[in-house]
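Trainee: Residues per chain, in single letters:
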Amino acid sequence: MVEHRPFLTFLTHLVMLIGILLIAFPIWITFVAASHEAVRMTQVPLPLLPGDQFWHNMKAMLLGSGLKGTEVTPVWWMMFNSLVMALSISLGKIAISIISAFAIVYFKFPFRMGFFWLIFITLMLPVEVRILPTFEVVANLGLLNSYAGLSLPLIASATATFMFRQVFLTIPDEMLESARIDGAGPMRFFWDILLPLSRTNIAALFVILFIYGWNQYLWPLLITTDADMTTIVVSLKQMLTAAEATPEWNIIMMTALLAMLPPILVVIFMQKLFVKGLTETDK
Amino acid sequence: MAGLTLKNLYKSYGKTEVLHGIDGVIEDGEFVVIVGPSGCGKSTLLRMIAGLEVVTSGEIFIGERMVNDLEPADRDIAMVFQNYALYPHMSVRQNMAYGLKIRGIPKDEINRRVEEAADILEIREYLDRKPRQLSGGQRQRVAMGRAIVREPEVFLFDEPLSNLDAKLRVQMRLEIRKLQQRLGVTSVYVTHDQVEAMTLGDRLMVLNAGHVEQFGTPIELYERPQTLFVAGFIGSPAMNFLPAEGQANGVLRLENGVEITGSRGAGEVILGMRPEDLMADEAGPIRIRASVLEQLGANTLVHGTLEGTDSEMVASLPGTQTVAEGQVVGFSIVAEKVHQFDSASGQRLG
Numbered sequence: 001m002v003e004h005r006p007f008l009t010f011l012t013h014l015v016m017l018i019g020i021l022l023i024a025f026p027i028w029i030t031f032v033a034a035s036h037e038a039v040r041m042t043q044v045p046l047p048l049l050p051g052d053q054f055w056h057n058m059k060a061m062l063l064g065s066g067l068k069g070t071e072v073t074p075v076w077w078m079m080f081n082s083l084v085m086a087l088s089i090s091l092g093k094i095a096i097s098i099i100s101a102f103a104i105v106y107f108k109f110p111f112r113m114g115f116f117w118l119i120f121i122t123l124m125l126p127v128e129v130r131i132l133p134t135f136e137v138v139a140n141l142g143l144l145n146s147y148a149g150l151s152l153p154l155i156a157s158a159t160a161t162f163m164f165r166q167v168f169l170t171i172p173d174e175m176l177e178s179a180r181i182d183g184a185g186p187m188r189f190f191w192d193i194l195l196p197l198s199r200t201n202i203a204a205l206f207v208i209l210f211i212y213g214w215n216q217y218l219w220p221l222l223i224t225t226d227a228d229m230t231t232i233v234v235s236l237k238q239m240l241t242a243a244e245a246t247p248e249w250n251i252i253m254m255t256a257l258l259a260m261l262p263p264i265l266v267v268i269f270m271q272k273l274f275v276k277g278l279t280e281t282d283k
Numbered sequence: 001m002a003g004l005t006l007k008n009l010y011k012s013y014g015k016t017e018v019l020h021g022i023d024g025v026i027e028d029g030e031f032v033v034i035v036g037p038s039g040c041g042k043s044t045l046l047r048m049i050a051g052l053e054v055v056t057s058g059e060i061f062i063g064e065r066m067v068n069d070l071e072p073a074d075r076d077i078a079m080v081f082q083n084y085a086l087y088p089h090m091s092v093r094q095n096m097a098y099g100l101k102i103r104g105i106p107k108d109e110i111n112r113r114v115e116e117a118a119d120i121l122e123i124r125e126y127l128d129r130k131p132r133q134l135s136g137g138q139r140q141r142v143a144m145g146r147a148i149v150r151e152p153e154v155f156l157f158d159e160p161l162s163n164l165d166a167k168l169r170v171q172m173r174l175e176i177r178k179l180q181q182r183l184g185v186t187s188v189y190v191t192h193d194q195v196e197a198m199t200l201g202d203r204l205m206v207l208n209a210g211h212v213e214q215f216g217t218p219i220e221l222y223e224r225p226q227t228l229f230v231a232g233f234i235g236s237p238a239m240n241f242l243p244a245e246g247q248a249n250g251v252l253r254l255e256n257g258v259e260i261t262g263s264r265g266a267g268e269v270i271l272g273m274r275p276e277d278l279m280a281d282e283a284g285p286i287r288i289r290a291s292v293l294e295q296l297g298a299n300t301l302v303h304g305t306l307e308g309t310d311s312e313m314v315a316s317l318p319g320t321q322t323v324a325e326g327q328v329v330g331f332s333i334v335a336e337k338v339h340q341f342d343s344a345s346g347q348r349l350g
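Chains as they are written, first to last, in our numbering: chain H, 1 to 283; chain Y, 1 to 350.
Quick caveat, the hints were computed from the structure, so don't treat them as lab data. Be a bit skeptical, because a hint or two may be false.
To be verified - Going by beta-carbon spacing under 7 Å, a handful of chain H positions derived as facing chain Y:
1. Gly51
2. Asp52
3. Asp182
4. Ile193
Claimed, not checked - No more than 25 Å apart at the CA atoms, straight line, and that leaves these computed lysine to any residue pairs for SDA-like:
5. Y/Lys107 - H/Asp192
6. Y/Lys130 - H/Asp192
7. H/Lys108 - Y/Arg47
8. H/Lys272 - Y/Asp128
Glycine included, every Cβ here is placed at the ideal spot set by N, Cα and C.
So here's chain H without its partners, still in its complex pose (with noise of 0.2 Å):
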């Protein structure tokens, strides 16, 4: 029986749209903010319905000198430090997990069990815990300030290698009898068969590790010193107390949209994928 309780549909739909404007709302302002003058952001109240200065906004901080009294790199530079770090990252933890679950997945050597608990261990070590001994081997590896210091030290991860451990458990044993008498080899049987089998798994953790390696903070912050080494999520924060004069909120406001741009649109991208993935069933 279907239930035909008006009020309560009324009721549930309210809760709803409260919560989404709840959501919606601070991007709402973000995007306001953006494309007024800065004089008008000074003013109360704050403006609710935009302006008309969101391309010339947006053309200031993409390509640069938007802020007043500051030395900046231009945002556009500071978006393609991010989008290595945050490739860098989940490319590598993907590469990296995958081939470590299938190690401990599908061969018997010495230890074996041993390593899967170190790997398991090391889930208690997030970055933060770690940070003065990861600071000083990255340091005295002369890696500060580059690439590889950004990404290399967040690479390693648990939580990956279970997931695909978990995958390749669920994949029946026949399978892969039935290749090994085809004549595959471990790394055939892992290019050929595991990989593609494992195709939205890739997906899914694709998309939550950018979005992990894009809004990593403090591990940029320590690492890099010069300007043009900076991500877009660390100078944000750094413009609220770059100018010497109060901040310039409708630029800060155009560079934070700006910065929560890729990730929106790898995981509307992937979703398609992923999807698409979960919907088809296969025996």
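We have chain H; now place chain Y onto it with these hints.
Mentor: Showing chain Y alone in chain H's frame:
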């Protein structure tokens, strides 16, 4: 094309021995079915032949080659699995071509073999579909196609029809039989279904708890089972077993005192009588008190107990017959059809 020889095969997992000295010679082109109850070791034996399990001791020969130490891919075999083991992300054509591609066989040769196999199995129109778009029977045929294109010396089947519905199973087993006769490739087929075994095999190897109970043609196994186990395993409904005592004067005395001729010596024996060999006879010595009837249309199965005892018996009457519950029906049996087995060892006497 080659024969298969198994010499004194033993298999242990750690301390547990699961196969105890399996011997057998399979002729070139023969279709041998390994049959037995769950857990008897038949799949383990098949996997040892395939190279997926290590041989603890003993030797396996494919043709003249001893293959114990060879990888599965080098043994020139092809295997059809119970759950097909098709690669889900590849099309049917790619599934069939995969093994050939790895071996570096030229493309046109691959295409030729794939299309030929597809014609034999009537899966031509599915060549570009993915496995998830096929039914169970179609997938099974693709799995067989994958085995055929390899043109191996030995086909191995691991209970391939177990996942199909009953009607499809009957249809597919005939197709497998015809296919094997057409291709003439030595085949080893594992199943737990004795009807499947009887219809498919040139010869049957009956395994029980890691031992070979008997290795012979279906008719041999049916008419002259060598052990109690084989006698009870082959034939449906199963053979009736009655304890009896052999008397000095050539007579067998049943539990209820009834005597029939045919003793082969003194001592405790177990008599085996197939339900279909018991013939209704008012004056017959075997008297069954009926309890339940199974009307099958072509015949009627009378379930009951031997009069005066608790021993359960089944007899088969032709056509549709009615027997009242509790009614005693008399049967007689030809002496040659009474199988005798030693009580202690289960071995056939005579």
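Trainee: Against each hint, give a clear statement of whether it holds in the structure.
Mentor: Here is what the structure says about each hint:
no.: 1; hint: Gly51; result: 51 Å, violated
no.: 2; hint: Asp52; result: 52 Å, violated
no.: 3; hint: Asp182; result: 3 Å, holds
no.: 4; hint: Ile193; result: 6 Å, holds
no.: 5; hint: Y/Lys107 - H/Asp192; result: 18 Å, holds
no.: 6; hint: Y/Lys130 - H/Asp192; result: 16 Å, holds
no.: 7; hint: H/Lys108 - Y/Arg47; result: 20 Å, holds
no.: 8; hint: H/Lys272 - Y/Asp128; result: 24 Å, holds
Against the hints set out earlier in the document, violations occur for numbers 1, 2.
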